[in-house]
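Each chain, letter by letter, is given below.
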Amino acid sequence: MPTFKSYLIGYIASILLILLAYLPVQIHLASGHRLLSHGFIMGAVILLAIVQMIVQLIFFLHLGNKNSRWNIVFLISTIGIVLIVVAGSVWIMTSLNNSMSSQQIDNYMQDQGSF
Amino acid sequence: MSETTLEHHHEKTENARFGFWVYLMTDLIMFSALFAAYAVLRNNTFGGPGGGDIFNLPFVLTETFILLTSSFTCGLATVSINQKKLKQALWWLGATFLLGASFLIMELTEFHRLIADGNGPQRSAFLSSYFTLVGAHGLHIAVGLLWMIIAGIVAYKRGLTEKTASQLTRLALFWHFLDLVWIFIFTIVYLIGVL
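Heads up: the protein sequence lines correspond to chains A and B, in order. Quick note: the first sequence, position 63, residue 63 per our numbering, numbers continuous. Quick note: the second sequence, position 38, residue 153 per our numbering, numbers continuous.
Worth double-checking, as some hints may not be accurate.
[Stated by the list, open to error] Partial list, computed: chain A residues near chain B (C-beta under 8 Å):
1) Tyr-11
2) Leu-29
3) Phe-40
4) Ile-41
5) Met-53
6) Trp-70
7) Val-86
8) Met-93
[As the list claims (entries may be wrong)] Derived lysine to aspartate or glutamate pairs resembling DMTMM-like cross-links, with alpha carbons at most 25 Å apart:
9) B/Lys-200 with B/Asp-142
10) B/Lys-202 with B/Glu-277
11) B/Lys-199 with B/Glu-277
12) B/Lys-127 with B/Asp-142
13) B/Lys-200 with B/Glu-126
14) B/Lys-199 with B/Glu-122
15) A/Lys-66 with B/Asp-232
16) A/Lys-66 with B/Glu-126
17) B/Lys-199 with B/Glu-126
18) A/Lys-5 with B/Glu-129
19) A/Lys-66 with B/Glu-277
20) B/Lys-200 with B/Glu-277
21) A/Lys-66 with B/Glu-225
22) B/Lys-272 with B/Glu-129
Worth flagging that the hints you see were computed from the coordinates, not collected in a lab. The structure displayed is predicted, hence computed values, not measured ones. Don't be surprised by glycine CBs; every beta carbon is placed ideally from N, CA and C.
With the rest of the complex left out, here is chain A (with noise of 0.2 Å):
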């Protein structure tokens, strides 16, 4: 059952993940983008919204019940979709992008009429 301190906790700890996240950037764009360098600044980011959804996901949508097992194997099904999605999207488009030269997609486009 659900309780005012689980709820509490879920809260502080993403305004505290919320805050994790937001200060380097902060910190990155006041430095003139000298202190810490982009990759890290991404990979930490993202990584602190995947300790924030477990977070919400346990203490807001209460899936560490027992009774919601069906609910966790259906997200997780749902995740596999969501990365081959997103992250096959982005895989096709940069090596698309990459192997073809600036000349050739201009070529192209010509041939197909957008210009």
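Given the coordinates of chain A, work out where chain B should sit on it, guided by the hints.
Quick look at chain B alone, frame taken from chain A:
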């Protein structure tokens, strides 16, 4: 009420909850398509502004805290319902509504500012995908607010029955889900967008 009817009602509530969860998961797949479109198009600014030029991080952080707080007050409404305190639940629901409405107004203010500066969805592929993703979330919030009004009135008129309580539980599920989707918009669109 006899033991078997109680169990029957409980089972019905559980089934409805699971059915609603299935809907939320299909909604998540829809959001994933919008996230994928944004991730692919985010650098195609067509000479227009990029994320770093137009996003106001402290403003978005405030929006995030407002929505998170509304998710928390919505949870407190659930706690009140479980304790059979209808009046208290309606107060928390009202607080959730006000916070949700503030979030939506802030989002619309941001959209208005962008469009007024000539950075509307037709400016570039990046802005089209941005408006579609964030706008789809805002539309869900608007639907949630409407549902809150209706469910609140129904619960007030009919009192706390198995049916009204079950309805409010699904509403809470919807609201927490939207908060979760926003965390990813905040991270992927705004935090990574300004880097």
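These are the hints, each one checked on the structure:
no. : hint                     : verdict
1   : Tyr-11                   : 4 Å, holds
2   : Leu-29                   : 7 Å, holds
3   : Phe-40                   : 10 Å, violated
4   : Ile-41                   : 6 Å, holds
5   : Met-53                   : 6 Å, holds
6   : Trp-70                   : 6 Å, holds
7   : Val-86                   : 5 Å, holds
8   : Met-93                   : 5 Å, holds
9   : B/Lys-200 with B/Asp-142 : 32 Å, violated
10  : B/Lys-202 with B/Glu-277 : 16 Å, holds
11  : B/Lys-199 with B/Glu-277 : 11 Å, holds
12  : B/Lys-127 with B/Asp-142 : 23 Å, holds
13  : B/Lys-200 with B/Glu-126 : 22 Å, holds
14  : B/Lys-199 with B/Glu-122 : 18 Å, holds
15  : A/Lys-66 with B/Asp-232  : 52 Å, violated
16  : A/Lys-66 with B/Glu-126  : 15 Å, holds
17  : B/Lys-199 with B/Glu-126 : 19 Å, holds
18  : A/Lys-5 with B/Glu-129   : 23 Å, holds
19  : A/Lys-66 with B/Glu-277  : 22 Å, holds
20  : B/Lys-200 with B/Glu-277 : 13 Å, holds
21  : A/Lys-66 with B/Glu-225  : 42 Å, violated
22  : B/Lys-272 with B/Glu-129 : 24 Å, holds
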